[in-house]
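As given, the protein sequences belong to chains A and B, one line each in that order.
As numbered in the working numbering, residues 1 to 476 make up the first sequence, in order.
As numbered in the working numbering, residues 1001 to 1266 make up the second sequence, in order.
Calculated directly from the structure, the hints in this document are not laboratory data.
Keep in mind that this is a model prediction, so the values were computed, not measured.
A virtual CB, placed ideally from N, CA and C, is assigned to each residue, including glycine.
Check before you lean on any hint, since a few could be wrong.
[To be verified] To spell it out: a stretch of chain B is covered by chain A in this simulated footprint if at least three of its residues, at any positions, have a beta carbon under 8 Å from a beta carbon of chain A; those stretches are:
| no. | region |
| --- | --- |
| 1 | 1107 to 1114 |
| 2 | 1160 to 1170 |
| 3 | 1173 to 1180 |
| 4 | 1190 to 1198 |
[Unchecked claim] The list that follows gives simulated cross-link-like pairs (lysine-lysine, DSBU-like), each with its CA atoms no further than 30 Å apart:
| no. | chain 1 | residue 1 | chain 2 | residue 2 |
| --- | --- | --- | --- | --- |
| 5 | A | Lys-368 | B | Lys-1088 |
| 6 | A | Lys-312 | B | Lys-1127 |
| 7 | A | Lys-373 | B | Lys-1248 |
| 8 | B | Lys-1028 | A | Lys-312 |
| 9 | B | Lys-1088 | A | Lys-249 |
| 10 | B | Lys-1088 | A | Lys-90 |
| 11 | B | Lys-1259 | A | Lys-368 |
[Claimed, not checked] Label-pair distances were calculated between CB atoms; the ranges are:
| no. | chain 1 | residue 1 | chain 2 | residue 2 | range |
| --- | --- | --- | --- | --- | --- |
| 12 | B | Gln-1116 | A | Lys-248 | 37 to 45 Å |
| 13 | A | Lys-375 | B | His-1164 | 43 to 51 Å |
| 14 | B | His-1164 | A | Pro-340 | 53 to 61 Å |
| 15 | A | Ser-211 | B | Thr-1244 | 55 to 63 Å |
| 16 | A | Asn-275 | B | Pro-1003 | 42 to 50 Å |
| 17 | A | Glu-274 | B | His-1164 | 45 to 53 Å |
| 18 | B | Ala-1097 | A | Asp-366 | 45 to 53 Å |
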Amino acid sequence: MAVAATCGTGAGSSACMASAASKSNVTSFQRRGPRASGTDSGGPRLVSIAGTRPSVRNGQLLVSSGLPALDQLLGGGLAVGTVLLIEEDKYNIYSPLLFKYFLAEGIISGHTLLVASAKEDPADILQELPAPLLDDNYKKELDEDVYNHKTPESNAKMKIAWRYQLLPKMEQIGPVSSSRFGHYYDASKRIPQELIETSKWHGFFLPKKISSPLKVEPRSLTHGYLKLLQFIQNIIYEEGFDGSNPQKKQKNILRIGIQNLGSPLWGDNICCTENCDNSHSLTKFLYLLRGLLRTSLSACIITMPTHLIQNKAVIARVTNLSDTVVGLESFIGSEKETNPLYKDYHGLIHIRQIPRLNNLICDESDVKDLAFKLKKKLFTIEWVQDNYLRQERNIYPPGFSYLLKQKDSAWGEGSLQHSTFLMSFLAKATAFASRLVRHGEPLKQTGSGRIRQAAGPRLRHDGRRQEAPGFLGIPP
Amino acid sequence: MFPELNNLLNITPDRAEQGKLTLLCDAKTDGSFLVHHFLSFYLKANCKVCFVALIQSFSHYNIVGQKLGVSLTLARERGQLVFLEGLKSSADVFFQAHGEPHPLQFLREASPGNLQPLFEFVREALKPVDNGEAAWRCPVLLVDDLGLLLSLGVGAVAVLDFVHYCRATVCWELKGNMVVLVHDSGDAEDEENDILLHGLSHQSHLILRTEGLATGFCRDVHGQLRILWRRPSQPTAQRDRSLTYQYKIQDKNVSFFAKGMSPAVL
């Protein structure tokens, strides 16, 4: 990867990392939890940089995105040299949070920041970063939180969906000290001023920079993008993040954050019209940015209001040009706000794309329905089914065959997702595979008129039979 | 290279065909494993390869290539592989004017006219050396993500012209092969991409189309591969042969199986 190249060791180090990675090779189905920094598969020549860790799968250097839950979904973290694109939610309420978590993580880990915005002054953005939760504070918050939470049986053994107990929990409970990878933040408090002052950051505020004249012709990039690209290139070269400056020996990560890229404030009218004449400006900017990132020790987060882009082709191209794409969908103002399935949650988070870097496969998470909620202090991401499972567990005990009609599901009419989900845990077969529920033939009526179970799996996993409550319609 | 895919396509490194244009197309999934396959296949078949890699860096292909048994650095040193790394040189080309035209010259232009410098680069890279020693088998041009050129401002017709020129030189004149990858945008209504894709499908001899499963994500079956053999030059007296398989990508290999016959389900 770019990291090997920039450390000037060339092919030797990459081969070393590849062989180290293949030595620690495991089958692709094994779930890995994020490990503490400093595993030995990182390659001996790479000096460990604070706030990074090598990926267990391919020795890639990873940085935390600021949310440990998101790191887990992205396969351990954000790879150095890649772009994380956040598709903003409709009213731009939650995407600035992810942006700020990324930057706050940079400050805590001692990385250099580059903040670019056309709307807010970067100095103001930095003032609003969330405060980190240190070890003992976090414990206190968590205990309080768990106490207030209404479901006491969250720790009880799941009786029906017992297969899902094998799934790892979404959140890593437990604080990490500041020298480790990934921290928790308190969204209701501001970061202490002294942390900002001791950190190194560069700001790019478009209204201030755009007044200076262009030294080169535009070449089909809008003025704002061109200025930003030059700024980023200058910082990378001058501070030595790409290893080409002989005076500077940099062993740190540059975290670049670009807010609301593509919005009209950047001078791009891609969000205003469908057929704009300068439609390649954004895609070309992304390509050139990616070129700069790949050859330097940097990671970039971009938030983009893709819901405003009229031309769907552009969104597809932007997705292809980015490495990791995460979409946020908030429930405010949509019909999902009143859906009982989504109660307690504020929105859905879609992991649209994960890069396959240095590898044929990527660590794609098996859970696809993820929702987030912003409790008064913490931003958590959970599997939607967790809530659903708690509701459904009393209605469908095992040991029966059920006919599932595909209508009126919480996901929507006739949702395949809903019925396959139910079938998979009812059938008690291998988890996540959608197998057909075997319908038993109806039994002859014997004895008193009480209906016993139809043919099918009769025994619960612990060997006892159970009757179905609420079994309707006793036939004559 | 993946041995199972070689069996399906009925090719071996010893008997590689010549003069063929292969189109790799992916819809709703990532078909880049096919690029790694063909790269390692042609390197093992002792062919001279010109790789125009626009989307990923050299070390990415190198590391995956090592898993598949080829070393790109060695091939590059020997002269077997000519590698154009788009990402690394893009910023340089954009900001600084070079003396001689760079293959990625179109990045500097406001409205890029044609891809002629890129074609000159390819022709220069694949032309046979006269001294006769270390004769490579046949020249191969590999382009990772031809559709990316559309995002960089080049028109679909200009890209098709480029492919035409390359085909005339590489496939017909030098009796080599071409492999290009284009993403299918599906319902994103990307007209330029559709023009490019249809134009290429019409000209290619072999189309490998990877699609995601219609039912969505599955841990055991990563997608479906459609193989279509075509005879573009001859009239369609015989029907084009088409096969469909499902696949699962593993760490160093991709396993193929008939539809519904995944080992996880059986």
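Consistency of the hints with the structure:
1. Using a Cβ-Cβ cut-off of 8 Å, 5 residues of the region 1107 to 1114 of chain B lie near chain A, which meets the minimum of three, so the contact claim holds.
2. Check result for the region 1160 to 1170 of chain B against chain A: violated, 0 residues qualifying (beta carbon to beta carbon below 8 Å, three or more required).
3. Counting residues of the region 1173 to 1180 of chain B whose beta-carbon sits less than 8 Å from any beta-carbon of chain A gives 0, not enough to reach three: the coverage restraint is violated.
4. Residues of the region 1190 to 1198 of chain B lying with their CB closer than 8 Å to a CB of chain A number 4, which satisfies the three-residue condition for coverage.
5. Restraint check for Lys-368/A and Lys-1088/B: not satisfied, since their Cα atoms lie roughly 34 Å apart, outside the 30 Å limit.
6. Using a Cα cut-off of 30 Å, the hinted pair Lys-312/A and Lys-1127/B is violated, with the two alpha carbons roughly 41 Å apart.
7. Between Lys-373/A and Lys-1248/B the CA atoms are separated by roughly 34 Å; this puts the pair beyond 30 Å, and the hint is violated.
8. Taken as a hint, the Lys-1028/B and Lys-312/A pair is honoured in the structure, with Cα atoms around 15 Å apart against an allowance of 30 Å.
9. Annotation: proposed proximity of Lys-1088/B to Lys-249/A holds, straight-line Cα distance about 20 Å (limit 30 Å).
10. Note on Lys-1088/B and Lys-90/A: the hinted pairing is violated, with a Cα-Cα distance of about 35 Å set against a maximum of 30 Å.
11. Of the pairs offered as hints, the one joining Lys-1259/B and Lys-368/A holds, with about 24 Å between alpha carbons and a cut-off of 30 Å not exceeded.
12. At roughly 39 Å, the beta-carbon separation of Gln-1116/B and Lys-248/A lies within the given 37 to 45 Å, and the hint holds.
13. Checked against the hint of 43 to 51 Å, the C-beta distance between Lys-375/A and His-1164/B comes to roughly 59 Å, which is inconsistent with it.
14. Our hint of 53 to 61 Å for His-1164/B and Pro-340/A holds, since their Cβ atoms are close to 58 Å apart.
15. Take Ser-211/A and Thr-1244/B: their Cβ atoms lie about 59 Å apart, and the range 55 to 63 Å holds.
16. With their beta carbons about 48 Å apart, Asn-275/A and Pro-1003/B fall inside the hinted range of 42 to 50 Å.
17. At roughly 31 Å, the beta carbons of Glu-274/A and His-1164/B sit outside the given window of 45 to 53 Å.
18. In this structure the hint that Ala-1097/B and Asp-366/A lie 45 to 53 Å apart at CB holds, the actual value being about 50 Å.
Hint violations for this structure: numbers 2, 3, 5, 6, 7, 10, 13, 17, all remaining hints satisfied.
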